[in-house]
Structures are given as structure tokens and as C-alpha cells.
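Protein chains in written order, with the numbering used here: chain E, 1 to 97; chain L, 1 to 329; chain C, 1 to 286.
Hints listed in this document are in silico derivations from the structure and should not be mistaken for laboratory results. We put the beta carbon where it would ideally sit given N, CA and C, even for glycine. It is possible that some hints are incorrect.
[Claimed, not checked] Think about it this way: if two alpha-carbon atoms lie no more than 27 Å apart in a straight line, the pair counts; the simulated DSS-like pairs of lysine-lysine are:
id: 1; chain 1: E; residue 1: Lys34; chain 2: L; residue 2: Lys321
id: 2; chain 1: L; residue 1: Lys79; chain 2: C; residue 2: Lys168
id: 3; chain 1: C; residue 1: Lys165; chain 2: C; residue 2: Lys103
id: 4; chain 1: C; residue 1: Lys103; chain 2: L; residue 2: Lys196
id: 5; chain 1: C; residue 1: Lys250; chain 2: L; residue 2: Lys79
id: 6; chain 1: E; residue 1: Lys34; chain 2: C; residue 2: Lys280
id: 7; chain 1: L; residue 1: Lys197; chain 2: C; residue 2: Lys168
id: 8; chain 1: E; residue 1: Lys70; chain 2: L; residue 2: Lys23
[As the list claims (entries may be wrong)] Just a sample of chain C residues kept apart from chain L, beta carbon distances all over 12 Å, derived:
id: 9; residue: Leu29
id: 10; residue: Gln37
id: 11; residue: Gln47
id: 12; residue: Glu74
id: 13; residue: Glu105
id: 14; residue: Gly187
id: 15; residue: Glu190
id: 16; residue: Met195
id: 17; residue: Gly252
id: 18; residue: Met255
id: 19; residue: Phe257
id: 20; residue: Gly261
id: 21; residue: Ala284
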Amino acid sequence: MSEINSGWPLWEVFVRSSRGLSHVHAGSLHAPDKDMALRNARDLYTRRNEGVSLWIVNSNDIVASDPDAKGQFFESPQGKDYRHATYYTKSEGVKHL
Amino acid sequence: MAAQNESGGNLSAVLSPEEQAGKDRFDAIIAEDSRIEPRDWMPEAYRKSLTRQISQHAHSEIIGMQPEANWITRAPSLKRKAILMAKVQDEAGHGLYLYSAAETLGTPRDVLNEQLLSGRAKYSSIFNYPARSWADMGAIGWLVDGAAIANQVPLCRASYGPYGRAMVRVCKEESFHQRQGFEILLELAQGTEAQKKMAQDAINRFYAPALMMFGPPDGDSPNSKQSMEWRVKRFSNDELRQRFVGMIAEQVKVLGLTLPDPGLHFDEESGKWIHKELDWEELTEVISGNGPVNSQRLERRREAHAEGAWVREAAAAYAAKMARKTEVA
Amino acid sequence: MSAHDIDHSLDSFGDTSASATRVTPGNALRPEDIAIQQTAPGEDVAQYALRLGDDALILAQRLSTWISRGPELEEDIALGNIALDQLGHARSFLSYAALAWDKTEDDLAYFREEEEFTALHIVQQPNGHFGTTIARQLIVSIFQHLLYTRLLDSSDETIAAICAKAVKEVDYHRDHAIQWTLRLGLGTEESAAKMRHALEILWPYVAEMFKDEPLYDALGDAGVRPSTLRAAWDEEITAVLSDAGLEIPKTGSAMSFGRQGEPSEYMGFILAEMQVLARKHPGASW
């Protein structure tokens, strides 16, 4: 927060659209504190029955992976086909397997 | 972020190896029509151009609340009052979705807001025309929101992820906006003579400004080419205007009213709709601040912002007090 | 481009936020359903519904002018939601009352004169600054919440059904007012002073909310005597104000008789604005 404002911090909003589903990131908003953030999220992101539950996280509290580290972080699983059922072709046609 | 090349020479010449790697990744992502996300490396020009475009879009939603909010207290039936209220409220929501998207590019909302209040930022010039009659609620919904949707649907695929996602949400919500506008006009067109006249008058006033919402003709649109290369924009101004004018030319028949463009026709040979010359000088005037209500619109925003200052301060002060209390406890 | 086209074209490029933008209207009782229902209320219940409807309508009319003028955009939306809820309640109550007189909600909203309205003076009070609006919301929403909760047991099924939806909404309004009362009361010196002043100028109109009138004798279990809500209201608002570092003002009570056809001076302006267009085109459909 800079000193020009009373600027309200940024919050990330996650909405669960119905029971049994995960909360999904819907967007963000500004609010002075967590209680108002929750209420603002209700007003902003569930005007059309979009949700049954909300999560609010202060944007600064999100820990994100570094996009520049994509290689070391996310490419290792490539080539490890044996983690997938489709790798095992010899058992094809065997029932209930 | 990126080192500025003051000599104005080839930018890639001054990129550090890390930046060059970032640029290569950026180019590859754009080339494969994938999405750029906030923490990816991106050229400064891309960041700047998107911040400008998204925030202008957000400002337009916020200023665009005013002509319609102007009629909430006078809506002629309680049902229409509820619909209009919900619609104007949606526009505040759309403004917020878009400010959120713009903020992911690194400029906080209060800075963007300051650009609007100081008159430095632009917003859609259509909102600098007054909404004088109830039929304007219909014309704004049908023509203005209609033009906006035609512009926005392709933006759902904009290369910048947060912008595209915000647009998906906006477009879904906007579909009711256009329909309610059309139905207002339909109701008026089938009503008394006075109502019908009101509807025709509103269409007459909003037709040309709505067509100008797509921006200047392709030949005079300097930013378009770069924006298409970055896959932010998908269709040219004229292409979108063509699609739109074709749609409303048919829809107006359902209303039993006319567009103020007697020569409007589809030219089989060129495969194009030929509409009347638009007054681009007028658009330039409105953009530069001389539209009928530019001054009024901005002042209303300034007032709301100034009058809300003590409230925002109080809430921030309360939050700080509570945070201290939690720390102590 | 139709709504269908848009949905279709959005689907076609992989809507990543689909699960967060699922849209359903839900299946709540709507004013439109009430307007076509078969059972009309008797005169007394209709008069009662008229009172509840008028309060909600005038409050909605007042609140709606905050949209595009709030202290922050998020608050434009919050106050917009509250105004929409109140308008919804007004439409339900008025649609129901109208059945008794072979009229519509719009006949009642747009074609009655000032002295035919029955709204309490508290809801007619101007928005003032944000603190005044919050103080008015606090006073009214605690009242409406207590009232609608009791009306869940109304012997009149339609009144009970309207309140079943409305009570959840006014509960939220109450929460909104409480949250802001805390923040303004405890925020800065300036906000606390503004809040104290707002409570002082509004307090004279509190007593009227709890005045019984002969109508309640006839209503029996269909209605709730407002005087029976006072103790619970006092207790609740005292607790909120105390948490917010504020006090119950020492101001007396105004001689206000909104229920008896004696509206405030503001009412003429409110109606002039609300009714102008409808009255210019009598009989027109919108």
C-alpha cells in the first residue's frame, strides 16, 4: 500500500460452484479486510447463483512457481509414459483390468 | 524490466540473455496461439498496450453506468426498474473484472483510477452522449451493448490470459443486456404513437455513434496491426463493423422501425454492407473531450471518489487496528 | 448475435472459467408468480402487504441512487444488491396487495398519490453521506429481519412465503450494515463523528417503526404487532453500537405518521421522480 491511499489490498476469489466440485479461481477484488473481502466476493462473483462456497486469499499470500523455471519444474514428467495406463499394451483386451 | 534502447535501434540488440530467452518464449507462445500469463516475460510495449486497452475498457464500463443509472429512479415499471438496476450493477462488476485483469500487468487500480479522474485515460466515446429518454435504455442495450459484444466476443481469445478470462465472464453476462434493450424497444414499437416515436428517435441518435464504437476505418487505425500480431485483436475494425451492421439491419425489421441510413444495403459484388459515411471528425471531437456530456461524466466520478475518501480511510484504519489487535493477542 | 450464439462461440474456445460462471436462476418465489396466483388477500391483509411493500419500495428507490456513486466500486455493487433485494420484496408484497383490488404492482407504485402511500418516515429519509445510509440501513434492516422472521409463522401463506425468501436477504443487509457500522464507528475520528451525527438525525424516526395501529387487531396471526419487536431490536442495536464505540442517541421521537397517510416532505420529490414517466403515458405498456 502506498501512502496516497487508504488503498484497499487485493484479494483472490475462489468459487465452488456446487458441492462435490473444487473451488476454482474466479478473479480478484479490493477490500479493506478479509471479512469485507468475503462479502464483496459474494456480491461480485455470485450474482447469478454461481456458487455455494467461497475462498478468499490475500493476493500477497499466494506462492507461485516461477514461469522461467518451467523446464526444471514441469518438464520432468514428460517421457515417463509408464505412469499412464495406456503404456501397458500387452494386457489390452483382458477384462476388468 | 526490459532495457530501453535510447538510440531507437534494434531492441533485441540490448536484451540480456535472460531477456532474450524470455522474448523467445513469448514469441513461441504467441506463435502457437497459446496464452501469456501475468508472470511471463513480455515486451514492455505489450504490457503497456494491454494495460491501456484493458483499463480503457474498464473505465468504459464504469463511466457507462451513468447514462443508465440516470434512469433507474424513473423506470416506468417495477420490472424494468429491477432489470435496469441489475444491468447497471453488472457494469460495475465488469469494470471490476477488467481492473483486476489490468492489475495483473503491474499497475494498481488506484493508479488506473487516477488516470481516469485526471482526464488522461480514455474511455468509450459512446458514453459521452446523453441518455435523454427511456427509449435510450433500449437503444443502449440493443445497439451499444450489441456493438460491445461484437467487439468483445473475439477478445475472449486474446493472447493475454487474464483479459480473455475476464471477457468470457463479461460476454456471458452481457447477453442479457442486449436482449433486454431489444425488448424495451420492441415494447415501445408496439405501444402508443408517442412510445413508437420515442423508440425511433433513440435509434436515430445512437445508430451512428454505435457504428463508430468499432474505431476508425482500418486504413486509419495505427494500433490495430501490432495488436493483431500479438493476437489481442482478432478481427479488424471494419470487419467487426460489417458483421454488426448486417445483424442490426435484419433485427430492426422485427422492431418495425428503421435505421437512419436509407442507403444501407448489402452489395453482392463486394460481399459488403454499404452504410452511410460516418462523421469521424465528430468522433475525434468527442474523444478529445468535447462530446455533449464528457465533463459531466468525469465530474460525477470525481465526486463519488472524493466523497468516498473518508469511508475508504475509515475502513483501512479499522483493518489496521484489527491487524494490530491480532498481533498483540 | 444471440445469447445462444455467444454461449456457443464461448464454448468453442474452451471456457476456462465455466465452473465459476454457471448460471441458474434458481427457483425462488417471484413477484410474477404472486401476481397470477388464485387466492387474493382480504382487505386487512392487503393493507398490511401494502405497508410492507411501501417500506421496501421507498427504501429501494433511495438505495438505488448509490449505484455509480459509492465510495468504492465494490460498494456500488453491494448497495445495488441490497436495493435489488428490497425492490424484489416490494414487488412481491405489492403484487399480493394488488390482487385484493384488481390492480397490479405498477398501479400501486405509479398511480397512487403521496398521501395514499403508507411508508415509514425512516425509509423516506435521504441517503445523506455513506454513514447516513449505513445508519438508516442498520435501523431498518435489524427491524425487517426481526419482523420477517416472525412472519415466517404468519397465518397468511403468501406473506409467510414472501418472508421465507426475504428474511435471508435482509439478514445479509443487516450483516452489511453491522460490518460498516463497526468500520465507521471504530475507523477514524472523522468517520466516528459522521456516524454519531447520522444516528442522531435518524433516531427521531425509530419510534414510528414500532407503533401499533388498529389494523393489527383485525390481522390476528397474519401480522405481527410491531410493538412486540421493540425489546429485541433495542437489544440488538445497542450491542452493535456498543461494539462500534457508538451510543444510542438521546434524541426524542418525531411525530411521524407515515402509516396514516402523512408522508414526509421528501415523499413528493421521491414520487415525482419515480412516477414521472409512467404518468406521462397512462395505460402504456413497458
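Here is how each hint holds up against the structure:
no.: 1; hint: Lys34/E to Lys321/L; result: holds, 13 Å
no.: 2; hint: Lys79/L to Lys168/C; result: holds, 22 Å
no.: 3; hint: Lys165/C to Lys103/C; result: holds, 24 Å
no.: 4; hint: Lys103/C to Lys196/L; result: holds, 26 Å
no.: 5; hint: Lys250/C to Lys79/L; result: violated, 41 Å
no.: 6; hint: Lys34/E to Lys280/C; result: violated, 48 Å
no.: 7; hint: Lys197/L to Lys168/C; result: violated, 43 Å
no.: 8; hint: Lys70/E to Lys23/L; result: holds, 15 Å
no.: 9; hint: Leu29; result: holds, 15 Å
no.: 10; hint: Gln37; result: holds, 17 Å
no.: 11; hint: Gln47; result: holds, 19 Å
no.: 12; hint: Glu74; result: violated, 7 Å
no.: 13; hint: Glu105; result: violated, 5 Å
no.: 14; hint: Gly187; result: violated, 3 Å
no.: 15; hint: Glu190; result: violated, 5 Å
no.: 16; hint: Met195; result: violated, 9 Å
no.: 17; hint: Gly252; result: holds, 29 Å
no.: 18; hint: Met255; result: holds, 28 Å
no.: 19; hint: Phe257; result: holds, 25 Å
no.: 20; hint: Gly261; result: holds, 22 Å
no.: 21; hint: Ala284; result: violated, 5 Å
The structure fails hints 5, 6, 7, 12, 13, 14, 15, 16 and 21 (numbered hints given earlier, in ascending order).
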